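Colleague: Protein chains in written order, with my numbering: chain W, 1 to 508; chain R, 1 to 508; chain Z, 1 to 508; chain X, 1 to 508.
If you're looking for bench data, these hints aren't it; they were derived computationally from the structure. Possibly wrong hints are sitting among the right ones.
[As the list claims (entries may be wrong)] Derived pair list, reagent style DMTMM-like, types lysine to aspartate or glutamate, alpha-carbon separation capped at 20 Å: (1) Z/Lys-367 with R/Glu-99; (2) Z/Lys-337 with X/Asp-487; (3) Z/Lys-309 with W/Asp-479; (4) Z/Lys-337 with X/Asp-479; (5) W/Lys-367 with X/Asp-479; (6) R/Lys-410 with Z/Glu-97; (7) Z/Lys-309 with R/Asp-331; (8) Z/Lys-309 with X/Asp-331; (9) X/Lys-309 with W/Asp-331; (10) R/Lys-309 with X/Asp-331; (11) X/Lys-337 with Z/Glu-97.
[Said to hold, decoys possible] Sample of chain R residues with no beta-carbon within 12 Å of chain Z, all distances over it, derived: (12) Arg-70; (13) Asp-71; (14) Thr-80; (15) Gly-144; (16) Val-194; (17) His-213; (18) Asn-221; (19) Lys-225; (20) Leu-276; (21) Asp-277; (22) Gly-312; (23) Glu-340; (24) Thr-477; (25) Ala-480.
Keep in mind that this is a model prediction, so the values were computed, not measured. The beta-carbon is built from N, C-alpha and C at its ideal position, and this holds for glycine as well.
There are 4 protein chains.
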Amino acid sequence: MEKWDSSAGTSAFHMPEWMIQFADQKQEFNKRPTKIGRRSLSRSISQSSTDSYSSAASYTDSSDDETSPRDKQQKNSKGTSDFCVKNIKQAEFGRREIEIAEQEMPALMALRKRAQGEKPLAGAKIVGCTHITAQTAVLMETLGALGAQCRWAACNIYSTLNEVAAALAESGFPVFAWKGESEDDFWWCIDRCVNVEGWQPNMILDDGGDLTHWIYKKYPNMFKKIKGIVEESVTGVHRLYQLSKAGKLCVPAMNVNDSVTKQKFDNLYCCRESILDGLKRTTDMMFGGKQVVVCGYGEVGKGCCAALKAMGSIVYVTEIDPICALQACMDGFRLVKLNEVIRQVDIVITCTGNKNVVTREHLDRMKNSCIVCNMGHSNTEIDVASLRTPELTWERVRSQVDHVIWPDGKRIVLLAEGRLLNLSCSTVPTFVLSITATTQALALIELYNAPDGRYKQDVYLLPKKMDEYVASLHLPTFDAHLTELTDEQAKYLGLNKNGPFKPNYYRY
Amino acid sequence: MEKWDSSAGTSAFHMPEWMIQFADQKQEFNKRPTKIGRRSLSRSISQSSTDSYSSAASYTDSSDDETSPRDKQQKNSKGTSDFCVKNIKQAEFGRREIEIAEQEMPALMALRKRAQGEKPLAGAKIVGCTHITAQTAVLMETLGALGAQCRWAACNIYSTLNEVAAALAESGFPVFAWKGESEDDFWWCIDRCVNVEGWQPNMILDDGGDLTHWIYKKYPNMFKKIKGIVEESVTGVHRLYQLSKAGKLCVPAMNVNDSVTKQKFDNLYCCRESILDGLKRTTDMMFGGKQVVVCGYGEVGKGCCAALKAMGSIVYVTEIDPICALQACMDGFRLVKLNEVIRQVDIVITCTGNKNVVTREHLDRMKNSCIVCNMGHSNTEIDVASLRTPELTWERVRSQVDHVIWPDGKRIVLLAEGRLLNLSCSTVPTFVLSITATTQALALIELYNAPDGRYKQDVYLLPKKMDEYVASLHLPTFDAHLTELTDEQAKYLGLNKNGPFKPNYYRY
Amino acid sequence: MEKWDSSAGTSAFHMPEWMIQFADQKQEFNKRPTKIGRRSLSRSISQSSTDSYSSAASYTDSSDDETSPRDKQQKNSKGTSDFCVKNIKQAEFGRREIEIAEQEMPALMALRKRAQGEKPLAGAKIVGCTHITAQTAVLMETLGALGAQCRWAACNIYSTLNEVAAALAESGFPVFAWKGESEDDFWWCIDRCVNVEGWQPNMILDDGGDLTHWIYKKYPNMFKKIKGIVEESVTGVHRLYQLSKAGKLCVPAMNVNDSVTKQKFDNLYCCRESILDGLKRTTDMMFGGKQVVVCGYGEVGKGCCAALKAMGSIVYVTEIDPICALQACMDGFRLVKLNEVIRQVDIVITCTGNKNVVTREHLDRMKNSCIVCNMGHSNTEIDVASLRTPELTWERVRSQVDHVIWPDGKRIVLLAEGRLLNLSCSTVPTFVLSITATTQALALIELYNAPDGRYKQDVYLLPKKMDEYVASLHLPTFDAHLTELTDEQAKYLGLNKNGPFKPNYYRY
Amino acid sequence: MEKWDSSAGTSAFHMPEWMIQFADQKQEFNKRPTKIGRRSLSRSISQSSTDSYSSAASYTDSSDDETSPRDKQQKNSKGTSDFCVKNIKQAEFGRREIEIAEQEMPALMALRKRAQGEKPLAGAKIVGCTHITAQTAVLMETLGALGAQCRWAACNIYSTLNEVAAALAESGFPVFAWKGESEDDFWWCIDRCVNVEGWQPNMILDDGGDLTHWIYKKYPNMFKKIKGIVEESVTGVHRLYQLSKAGKLCVPAMNVNDSVTKQKFDNLYCCRESILDGLKRTTDMMFGGKQVVVCGYGEVGKGCCAALKAMGSIVYVTEIDPICALQACMDGFRLVKLNEVIRQVDIVITCTGNKNVVTREHLDRMKNSCIVCNMGHSNTEIDVASLRTPELTWERVRSQVDHVIWPDGKRIVLLAEGRLLNLSCSTVPTFVLSITATTQALALIELYNAPDGRYKQDVYLLPKKMDEYVASLHLPTFDAHLTELTDEQAKYLGLNKNGPFKPNYYRY
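Isolated chain W (complex conformation) (with noise of 0.2 Å):
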């Protein structure tokens, strides 16, 4: 659920600083030290998502062993055992979830049924690198309906719940996950995803991009038969485009991160909400008449601003792009410095996709009390590590929150580290999961089905057709009717009835 913020969203063109570093890291099986790093730039899911099912798990973990998954010889009720997962035996409480996620997730739902009769992905062999969560399995079970065959492995050693796995892993699906995987264990599931006897994927589902670097490392001959990639992530996105750069991206790429229905969910309306519940989980603060400065006006920067105003916050703005900028006004913000509002400002929010946006400096100033948090790209955005000097007392005072005591006895309070305040303090809905999903599979298929020579060795965003066809599918959870066109009208409008409805330069 990354941020793609407006100055962020510029990089993969401009090729920034940060991007070329990752892209020269060496990845290595056993080499690579930490998953730390990774997951700062990559999807972590939520800490407090993970926190209730973890709690949900305790009911069947009850009497988990300390036995690595690797070590242990399970068999489902089928009697398969070409799956590596915590434990089998978890596999109904899995299910519950699933189908409680099945509820939530129509657009999904509905695409099993519309497109069970042709089973447009018959013959795909696909293999997916992703967090492992209720709403993935009803992924990969829609996938599955469709005519795929599946094998899977987790995007993140944490995100894994193993309830979900043990499910999927009952019902024949080829799962190697478990939560708290090693680094070894994280590429050796990977490894056992691609390095099977007798089948070949031909389609690449990667989140982050992991998945593609193994089979790029270990296994370049594979891409012959591979028929494409869906990337969902801004890291994953970021390798592609430099892969693409250097002319080596031999198969077609679709980055489903810059669909429009993607992002508007993601940052602006997701953002919109997860803002005042990260705030109010971690801090039980009270939003009416407290002073807030958000830096960055971009979808998420958007999303922030509208929540806290319509809660009675006084919300100043800081942009760099004089067209955001134009827009804060408007929108009636003030537009300011930080340095204008930082001594008297109640809450501090970056969102900008940048790094260095909030200085020690800047920390130093700012008045007793104070909240600080990030809602934009990475954890750079606020100079944590200026914080880490002698002179500063950290107190944990809550799981996720910090307060950093000056020698004055100042406290400020840090949220999640400087890490994204929405993804560890609050939840993801269901709902923007749903669409993310979506967006995935109708990409699947429409790389798996196109003629040869729509896509070449490029990196593509989805058709907007197909980002339409994601939005309608959606549109019945709000009981919402959509108007056709006439004939007419649709003569009179140069458009094709069933759309695209709109140039791809549009804005919405």
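We have chain W; now place chains R, Z and X onto it with these hints.
Modeller: Using the frame of chain W, we list chains R, Z and X on its own:
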């Protein structure tokens, strides 16, 4: 101030029926029977703006005679007679209007100061055809201050403010325009701007495409010296794309209609205010508690919906595009088909760019006193023609307000006969005109100074950097303070510190 | 439509200076030199409303003569001449205005139907003194339908719509009123309503207290038969409280000005719309991004702030009352002293009920083009008198708009010379007038039918149940469906199923 | 933090059924079988707040034993043992909680400073019975700083924070309270506060009326020395009005529940935030596009509606009171009967103060996954009992979240079993508690210092001036600057420059 709504926006690219028709029209000197068709597609100025000016004008117009300006011998105080206006003696009054406008157009005034040293338009010979208002005068005098020579005609036979034209003539601008020109006058004025001994234009500033059309027809050789065309209107832009498509465009053209800043201000921000203004001025209605259906959720629709919701109306939305439909849902509007709510709503507003969105059948089913108006692209959205039947009685109750009365006594309140409400019944704020005028000035500078080869014989959007520059020139109006990137941050983001700050596809 | 702001509200109880002065004024027949003072305290009708009507009137007024109505001999079509209006021949035009108003005043029309059977005003002889508009006509004819006999004069020398007065006279109502009465005419008309042979009023409906005053002065014995006074205006109510305090009130009086429904509509809901309307019609300004200071956060201030915030303005508030101040904070407005922001704001709006809130010193410090206007109780809030000094130039740029120009060229835009913007520069929606008129009708019914002893010689608020009834009569306008208590619920809550539903001190 | 909604509000005056029942209840030592009934009427503390504290508490509670505090011998560091808490050794941890709370309760801290010189409570002997939290501790220590002696018990058997109680005991406050008291413990603690040799209270601070009840029952003679009672809760206030009505109230009592500031913050402003918080924490749902029906448009309903509308929900309202109904219309909500929308809504929220607003019949008709919750006065609004039938399955899916499952698989999501969502599933911001505590402190000061005769044996509202003072003490939190009246203005308005600024009936 054309609305360029969602659907309409696609038309430049899909070549809709009405556009093709338009391109086929042969418009000849003395032959064109009426301006009506033209005005409905091109920009017409606000009726009420005209009203207020004309009431002002009555101060000076008291001695008005019936003589055609073409038959008058007039000289300005410097003895020049290279102009044709209603009455040169009205210059002083016009000058005051210009001075007031200058105060509200700080961006152009800043441009005069910033660019005056280098005179970026030195040598430019600009022929212009736009509405002749105080705001245009500020633009013309800015172009003059930057080094250009200008000759000017009106793009609309009704919209010229005679006093302003007089003031410009008094200052030495060859202006050929008055309020109430005949068709013949219209083309005669344009011709007088172009067909001059010893002076040949090298730049065109057009609004609607009539000037460009005239030169194509009469003086095609002139294009050899012309460096480019700047066109503001939807109509004119369409004509240019047609020419380009047909391979007949022989100079670069700049489409300033679709620049981000102009679009957002003309549509979202301006309509957010003018929908309320237009409804109030015509009907004095109360918005609170009223049920409203807004057809179309493009920028214009978004502005209308936001304003009415804020005033306590209950707003329904119709859409054909599922993405915009989903946005409407997330913004808190019930998405319906028009039929579902047509019996219960108090107000129907169209902003689709489409035709026959409100049909006679809908009108038949509306409840008594329902208000019907159009904020969209043209007067085709409401099928007004269908109301011109014998069984219905029309009653003009105020300027721009008709009651259409059914046999059973039911009255529909039709505003501006289905023409654009915001142009007919409210005024365009000077600030919005300032953004347009600044964009035009910068486009002229860009095209005039561009090195050979930067622009070919094609239609271009304003470079993003210029778009950002227009925005930045307007920030001081709001005492808005932009943040500058540090070198380190610019490097991190891979951006130039002075912009452009976003990729071209950024949606704002 | 007086504003009854926070501070002003207290005055009835603390006996403020201006009220005492007012009470001391001796107002005598033929002696009162000018109406100006009176109008500033009492209700004056919207200028623009007058404008629109008078333009309509020009249709019928073409044959207007200069003869005073008092000198004319007129008869209606039934041969009656017990009236005095401008021109009885204008009746037809006026009738149409009344019919249109009827459509927008469903509550009175419903009242006619519901109460017609029992004729609750049978035997009532009502003398009225109000603005004579189409809405008043609907009220009068409703009173007639309920059984009352009425005689009517105007409460303002300018506000009478001659056509409506003619229509009423034609229908048989003894109306004595025309637009442009002299002072002498004014009292003559009132006297003609009261001083009639064989007819003596038993109810008074007053707006401003002039009619009541006249009877007190000239015909004190009449009060023996009068059952009560219904008074609508702040001024009139103050006068009644004065009388009551002085022990001179000899009949029950109903203060309908302070009923919940009337207050909320006159102040909060109406001003939320009229602040935007008034500013737009006078200045055509854009609200987005503008900095505004609103002085006073009573109901009027709350309405202004909410509307401007919604339109994208940045709003500051000043207050003297800490509770209202805290509300402003929680609603998201910076609470400041006027001095802190006076140099930076684009608009200054007063709504305090206080005097000299904006002083010459403030005006001296405002920036160029700052707009200054008043939405409060009277024209004392802005110290306009302080601007009438030789060094400042006044320039009337539009109706209701003055530029006051400082020696250095700075211009302040003063609206309506500091009088009420919403009355001077926008119109009052019929719906609001409907609520007022319905409240008046119910108050008359209540007083007329109350059993002996229910009301003493004092000033009363409308019983809450009647207030609720006014509201319920207006719900059908919004197709709003009220829920009814079950017997069980009513018992649980200790309420009557038909109300009243709240204790008297409930704040809504 | 009771909600005191519209309808509930009337109950003090109409003597509703449930209140009468309540008054009839004979509550005796050792006889009262359960606290459950009491808690549902009286104030219960936020479950989640308790959770967070108890997790903190686990740090200190690790050595917790099972011994009842009544059986322990404990002394504080000064050797005193006049208290009874869980574990005096937890004092240090509790002290830190108090210090943090002090930072968020600037009004009480300011009161300490302002009033410390004159010790307005010198000689006061206050017996208190409230929730024992860090915020209460700040209140108690403020009372101490102002000169009072205090003895304290808990008003709820679950809500005591043991560490805070320990810290107070360590500081010398005789506190008798711990988390998890039995019924017998509860009354024993209260008795220990009152029944002391050589010390007799002269002031009572009560929350729920149990302490007052106890003294009435056991030590009626004590009232001879008692100067007054300050009561905060709806329940306690009702009990006092009952006593007053029955002529049994023998000292003045101050109803601080109905002060303006407390009401607005407890209801409108607090619920505007807690409805979002409560829904998010329990369901992680997305608000955008959801259809919601809010039953009741009192202060609580207004807050809920405003918040959900701002987040993009489509909100319907039900009301029984036509005035509140008209407000809902003007604020932009469709007013419906519950039946009209029950099939289509995603969320049902009650805030009526009424009972059986949502019946089994409604629940049967809701769509799958509909969320049902209560923000109103008590747990009677949703007929939860009707769901306890054999054919329905209950499934606890999270803390405070039940799925009730119909035979056909339909699930209703019931939050907090119909109890108050904002208390059960979100936390009360310290700022709101600060307003309550400050109001209590001022009420104590007023009653203690009032000259003889100012207050009789009756129930009083806090004098408006004190209410304004509470507000003014909280303005610095928002850096809000109040304007002062000039002498001339105060005279004009007939006001004292220091307030009160409004008449008692002013509605804010």
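Colleague: Does each hint fit the structure? Answer for all of them.
Modeller: The hints, checked one at a time:
no.	hint	result
1	Z/Lys-367 with R/Glu-99	holds (17 Å)
2	Z/Lys-337 with X/Asp-487	holds (17 Å)
3	Z/Lys-309 with W/Asp-479	violated (31 Å)
4	Z/Lys-337 with X/Asp-479	holds (11 Å)
5	W/Lys-367 with X/Asp-479	holds (12 Å)
6	R/Lys-410 with Z/Glu-97	holds (16 Å)
7	Z/Lys-309 with R/Asp-331	holds (18 Å)
8	Z/Lys-309 with X/Asp-331	holds (15 Å)
9	X/Lys-309 with W/Asp-331	holds (18 Å)
10	R/Lys-309 with X/Asp-331	holds (9 Å)
11	X/Lys-337 with Z/Glu-97	violated (36 Å)
12	Arg-70	holds (32 Å)
13	Asp-71	holds (34 Å)
14	Thr-80	holds (30 Å)
15	Gly-144	holds (23 Å)
16	Val-194	holds (34 Å)
17	His-213	holds (32 Å)
18	Asn-221	holds (44 Å)
19	Lys-225	holds (40 Å)
20	Leu-276	violated (6 Å)
21	Asp-277	violated (5 Å)
22	Gly-312	violated (7 Å)
23	Glu-340	holds (15 Å)
24	Thr-477	violated (7 Å)
25	Ala-480	violated (8 Å)
Comparing the model with each numbered hint stated earlier shows that hints 3, 11, 20, 21, 22, 24 and 25 do not hold.
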